[in-house]
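**Q** Counting along the sequence shown from 1, when you hit position 147 you're at 146 in numbering that gives the first Met the number 0, and nothing is skipped either side.
Wrong hints could be hidden among the right ones.
Keeping only pairs whose Cα atoms sit at most 20 angstroms apart, straight-line, the calculated EDC-like set for lysine to aspartate or glutamate is [said to hold, decoys possible]:
(1) Lys208 x Asp58
(2) Lys55 x Asp26
(3) Lys110 x Glu39
(4) Lys90 x Asp32
(5) Lys208 x Asp153
(6) Lys96 x Asp154
(7) Lys137 x Asp154
Listed next, with one range per pair, are the computed distances between beta-carbon atoms [to be verified]:
(8) Gly106 x Asp282: 25 to 33 angstroms
(9) Glu183 x Glu269: 53 to 61 angstroms
(10) Ala100 x Ala181: 26 to 34 angstroms
(11) Ala35 x Asp384: 35 to 43 angstroms
(12) Asp273 x Asp101: 47 to 55 angstroms
(13) Asp32 x Gly207: 53 to 61 angstroms
(14) Asp101 x Gly59: 53 to 61 angstroms
(15) Thr378 x Thr146: 38 to 46 angstroms
(16) Ile368 x Arg264: 45 to 53 angstroms
(17) Glu269 x Lys182: 45 to 53 angstroms
It is worth saying that the hints were derived from the structure and are not from the lab.
For clarity, every value in this text was computed on a predicted model and none was experimentally measured.
For glycine and all other residues, C-beta sits at the position ideal for the given N, C-alpha and C.
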Amino acid sequence: MRTLEQACTPRRSVFDRSQDDTVWNIDNLPEIDANAFFAENYVTTGMRQLLTEAFKRLDGTSSGASGTFLLSQSMGGGKTHNLIALALLAKFPSIRKQVMADIYDPGALGKVRVVTFSGRKTHTPLGIWGEIAGQLGKREAFSDFYTPLSPPGDDDWVRLLSGEPVLLLLDELPPYFEAAQAKEIGATTLDVITTTALANLFVAVSSGKLPNACVVITDLSARAYGRGSEAVAQSLQNLALEANRSVTRIDPVRLASDEIYHILRTRLFESLPDKADIEAVADGYRQALDDARKMDLTAESADALRAQVATAYPFHPAIRDLFARFRENPGYQQTRALIRIMRNVVADMWGSGVARRAYLVGAHDVNLIHPEISSEIRTINSTLDNAIAHDIVTDSGSAVAQQIDDAGGHDARDAATLLFLSSLSQAISPTLG
0 MRTLEQACTP RRSVFDRSQD DTVWNIDNLP EIDANAFFAE NYVTTGMRQL
50 LTEAFKRLDG TSSGASGTFL LSQSMGGGKT HNLIALALLA KFPSIRKQVM
100 ADIYDPGALG KVRVVTFSGR KTHTPLGIWG EIAGQLGKRE AFSDFYTPLS
150 PPGDDDWVRL LSGEPVLLLL DELPPYFEAA QAKEIGATTL DVITTTALAN
200 LFVAVSSGKL PNACVVITDL SARAYGRGSE AVAQSLQNLA LEANRSVTRI
250 DPVRLASDEI YHILRTRLFE SLPDKADIEA VADGYRQALD DARKMDLTAE
300 SADALRAQVA TAYPFHPAIR DLFARFRENP GYQQTRALIR IMRNVVADMW
350 GSGVARRAYL VGAHDVNLIH PEISSEIRTI NSTLDNAIAH DIVTDSGSAV
400 AQQIDDAGGH DARDAATLLF LSSLSQAISP TLG
């Protein structure tokens, strides 16, 4: 069998610490290298659905459909990443042909008008509708709705958006609504007016009068962002009810599926071995588990493990289910956080030489005294910090597991690391250990 170092080549970006916290938002579109973005992009089932349905709308193929899509998932679940992918493909037809070759062919559709709005942009003197009109070069078209701020009707939206294909991307609206709730407009507040304005937009797009207009919004739940007063939650709920009349829901990433391994492989590795090398590793794990079964150490199926290793390679198949235990922890950013953690784990394994003797990237390879890794783990659950230093690992080597391993090997530290990671869930009645 070939070790990880012999068989796999990580991307250079894995070793670039400046990229650890690079989180693009839709306002960064002009700065994003589209070719580099798609080189590290895996097209999930959800993204495939989004690209197919959105471009069918933009090229007029499905003009009778709703035209409004909601990306629904918790924070860090791939929503903004999907928006960026769609926006780049809409803006750059040449890249579109390469990326969408086996997804959907939008024919002669050229460059699409793309309008983006991030809810992190809370200072909008002309409202969201003014931002949209301004990006289209038609700010004056909505001049009647600026002083005082008032919501455009569905016919006003139709007049604004008519003509060439147009894609509207609305991301992270809960923070915007939180700020808008504090801004009084006559006898009401900006969040209420914004709800009406966007509801009218949804009506306009689904009316049949805008056959090549497409709107994509992300999760409208304030809970997804861990914030929001009761009033804000009510405004978002009202908007969600309006959206639900015509929206098509899409989950960007199926977190309980094998997609997470495809995402990690594509994002972190430049090259991987051929099928024969992968199957050799899978056979090795099957043999090891079969030997353990013969000694009555486990009842797990060796053949099942072989299939799982072949699917998850170069990651241990237990990683997905282990990290799923705490994906609902407050503040945990799901796919985004897992990518950051695994990037640091891979960099640490190659830098420390562990990759020279390991055959898979496992949860026990999470180095809990690595600064970036420990910082990520702390955001998942900071209540067990003392357990790391006392039981698992310290720089001085005084932790209990390290003292046990002084006799040779690293089994105690590996086992303690697994137990620790298995105990991070803060859910009600969680599975721990």
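**Q** Next step is simple, just say for each hint if it's right about the structure.
**A** Comparing the hints with the structure gives:
1. Lys208 x Asp58: holds (15 angstroms)
2. Lys55 x Asp26: Violated. Lys55 to Asp26 sits at ~25 angstroms, over the 20 angstroms cutoff.
3. Lys110 x Glu39: Roughly 23 angstroms between the alpha carbons, so the hint for Lys110 and Glu39 is violated.
4. Lys90 x Asp32: This hinted pair holds, its Cα atoms lying about 12 angstroms apart.
5. Lys208 x Asp153: holds (10 angstroms)
6. Lys96 x Asp154: violated (34 angstroms)
7. Lys137 x Asp154: holds (15 angstroms)
8. Gly106 x Asp282: 25 to 33 angstroms: violated (47 angstroms)
9. Glu183 x Glu269: 53 to 61 angstroms: holds (54 angstroms)
10. Ala100 x Ala181: 26 to 34 angstroms: Because 48 angstroms falls outside the window, the suggested range is violated.
11. Ala35 x Asp384: 35 to 43 angstroms: holds (36 angstroms)
12. Asp273 x Asp101: 47 to 55 angstroms: Given about 21 angstroms between the Cβ atoms, the range is violated.
13. Asp32 x Gly207: 53 to 61 angstroms: violated (38 angstroms)
14. Asp101 x Gly59: 53 to 61 angstroms: violated (22 angstroms)
15. Thr378 x Thr146: 38 to 46 angstroms: Since Thr378 and Thr146 have Cβ atoms about 44 angstroms apart, the given range 38 to 46 angstroms holds.
16. Ile368 x Arg264: 45 to 53 angstroms: violated (27 angstroms)
17. Glu269 x Lys182: 45 to 53 angstroms: 49 angstroms Cβ-Cβ, so the 45 to 53 angstroms window holds.
The structure does not agree with the numbered hints 2, 3, 6, 8, 10, 12, 13, 14, 16 stated previously, though it agrees with the rest.
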